[in-house]
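Given chain C, put chains A, U and S in place with the hints provided.
Number of protein chains: 4
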Amino acid sequence: MPESFTEVAASVAEIAKGFHARGWLLGTSGNLSAVVQREPLRLAMSPSGVDKGQLTADQVLSIDENARIVSAHGGKPSDESLLHIRIVKDRGAGAVLHTHSIWNTILSDLYASEAGLAIEGYEMLKGLQGVYTHEHAEWLPIVDNSQDMPALADTVGKTLNEHKEAHGFLLRRHGLYSWGETLAQAKRHIEILEFLLETIGRTSLIKAKQAAI
Amino acid sequence: MPESFTEVAASVAEIAKGFHARGWLLGTSGNLSAVVQREPLRLAMSPSGVDKGQLTADQVLSIDENARIVSAHGGKPSDESLLHIRIVKDRGAGAVLHTHSIWNTILSDLYASEAGLAIEGYEMLKGLQGVYTHEHAEWLPIVDNSQDMPALADTVGKTLNEHKEAHGFLLRRHGLYSWGETLAQAKRHIEILEFLLETIGRTSLIKAKQAAI
Amino acid sequence: MPESFTEVAASVAEIAKGFHARGWLLGTSGNLSAVVQREPLRLAMSPSGVDKGQLTADQVLSIDENARIVSAHGGKPSDESLLHIRIVKDRGAGAVLHTHSIWNTILSDLYASEAGLAIEGYEMLKGLQGVYTHEHAEWLPIVDNSQDMPALADTVGKTLNEHKEAHGFLLRRHGLYSWGETLAQAKRHIEILEFLLETIGRTSLIKAKQAAI
Amino acid sequence: MPESFTEVAASVAEIAKGFHARGWLLGTSGNLSAVVQREPLRLAMSPSGVDKGQLTADQVLSIDENARIVSAHGGKPSDESLLHIRIVKDRGAGAVLHTHSIWNTILSDLYASEAGLAIEGYEMLKGLQGVYTHEHAEWLPIVDNSQDMPALADTVGKTLNEHKEAHGFLLRRHGLYSWGETLAQAKRHIEILEFLLETIGRTSLIKAKQAAI
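Line order of the protein sequences matches chains C, A, U and S.
Note that this note's numbering gives residue 141 to position 141 of the first sequence, counting from 1, and the numbers run on in steps of one.
Note that this note's numbering gives residue 77 to position 77 of the second sequence, counting from 1, and the numbers run on in steps of one.
Note that this note's numbering gives residue 45 to position 45 of the third sequence, counting from 1, and the numbers run on in steps of one.
Note that this note's numbering gives residue 128 to position 128 of the fourth sequence, counting from 1, and the numbers run on in steps of one.
Quick caveat, the hints were computed from the structure, so don't treat them as lab data.
Treat the hints with caution; some may be incorrect.
Identical chains share a label here; the pair holds if one copy fits it or two copies do between them.
[Stated by the list, open to error] Okay, derived cross-link-like pairs now, BS3-like style, lysine-lysine, Cα gap no bigger than 30 Å in a straight line:
id	residue 1	residue 2
1	K126	K158
2	K89	K158
3	K89	K164
4	K126	K76
Isolated chain C, as found in the complex:
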């Protein structure tokens, strides 16, 4: 039985508080969405400018496919609502989560010239949908950041189309986007990718140091 808006909003708020505690949504950064209804599209969307560490279910907004608020209460939906909507449409995602972490920010910059980075051989990859072995090569695309949201949504759509297997992407010096069929799966994907980005970031420090000796 489909979840009501209230139930979905409560889950969004809970995930937001947990991610904020980990330092992945500091300073009102990041955004979280979940599909409540597909036709017409109704997305539960985190509001703009609200402390994610104190997000409550009644602050979560309902928006339509044009990022317009359809819920009774006010607020301003996340600036990046168009990106969430694009991912929901192109990937059929049930939930989209966007975090700003130290390591995803660092790696989005470090690998920007290659437009992405490969993550291979880690057992953690098995938690990504459709991945059943650690001998998997995950390519995480890196997209240049922009303040022109419609243009950025198109770039994101193009990137998703070129990398149909990707479970997420990085926006340069901005953060990580991932998604899932449900909020639980999206949360799982974010946790896995954040873990792997930190592992790779720290490993690069150690391995290059060894090479330098």
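Showing chains A, U and S alone in chain C's frame:
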């Protein structure tokens, strides 16, 4: 409707506990203030020498523009009250927060010879008041530390005047100051600046290592 | 008096939530088991694909020595149940815990060519069963990862037989396994080994850098 | 009015849980004590082998100056009780806290050949008793570890006598000891020293790397 002293004190205590949990106010370090009334000035100020991880609303003091206690209960206001008062006056701030974190301490030292550091290109900068794009160059001044509070308050005033766009400053081998129109905005600013300082600190390690190879 | 399944399941859930908070069980990774009964074997086992940060006692399964569910409620036992069962049998363990941490993942890779790493001289080693001095040399074997669980269980058994003193082992690019006579001892062992792995990981960075100067 | 044993034990348990959450008392490591009565000496002492993250007031023991249990309930006092008693006697401390952190362990090793390390110029030093300026040079002695507790207690006594200004000391590859007139002051000292040790540890990585370029 303006918040009562009790409400403001409760918010100060809550922020203090959260920052202490993150390791930004260890060992009774740091201080927090919020304007309760402007004329005459009444500032809710964290007390000196109290464990910020256990700060309660009733421990928060009320001080005037000379840092004298006007609240009924005793205690000793933060040693750095004069800095808070200077920032409130010169910037019209509604709240001033000061943290001691590992990364703000390290960077305050690393960039001391340049009297500041530039933070550019990060989406996180958009959370700073008046900043609407990641293509923003934020200059974070570094001021030498001193135990002479009136003199330090003057140096801080001079620095604020020379850097009217700055959203914060570092005291060398001491910590970070930031502020906002409200406690919520000041908290947001601290979270953003702490995040960016850690990002820059860790990035400098990685990039210099790559240069060394 | 032996603990009931419900009590054991509650302890498993509590440990899971604590380890998830530390970032050692992100993205539904890792698994936890505890012996409820030896003959026939009944193991309380964490379920597959469940967020360990929200694991409840009633989600914990009861499995037999063939990893088949014998509890009334459904669910899918951890993919790695066969490894837990092998350790319970070969070591007579009362509980087996498996974590995926940043540092255990990095070191499982860094020392893979040596098939293990030595941990010596740390007071923390005294918390391992049978160790009474810091002048102890602990060898932590590293086993190559595999998706063939029966084969991996055999490799694990072989490794345990070759290293009868070992208190744990690493699976390459996968994680750490440790165990104890009780859940409390297994938890203690994991905390000690995770601590030592991070200490060694960070020390290797510092010492090699000094050598490079 | 002096605190009762029950109140002191409750404070000890609360500090233990907080330090365990920070990763400073993992795997039942570390110990905490507080003077309940001076003549004859009665010390509230954390028990050996108990998970500090779950320490309750009723698990805290009362011991005399020979480290013998005088409380009604059983348990085994910390192995390092003799060190606590020596510090209480030689320094007149009201509370003694001992932590095992990643950074205090690393630095206890890194600076072992110099038998200590200097910490200077940090504002955080002002939180140490008797220190009123950041222009303070704190010497943190490093003592070699030993399992011979009476001998180690004598070495500690000798070190305290040679460094009468020291607010703490490190045991090599073991951990940090600090103390205070009260539990609150001891907690403050530990937080300050742990913060400074991490700052110095991370700074050494960055500065040596710069020297290497």
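Status of K164 relative to K89 across identical chains (alpha carbons, at most 30 Å)
Cα proximity of K89 and K164: one copy only (13 Å, versus 44 Å across).
K126 and K158: within-copy, between-copy, both or neither at 30 Å Cα:
both (26 Å within a copy, 25 Å between copies)
When no copy is specified for K126 and K76, does a C-alpha distance of 30 Å or less occur within a copy, between copies, both, or neither?
between (37 Å within a copy, 16 Å between copies)
Identical-chain pair category, K89 with K158, by Cα at 30 Å
Answer is within; shortest intra-copy Cα gap is 13 Å, inter-copy 50 Å.
Of the numbered hints given earlier, the model fails none.
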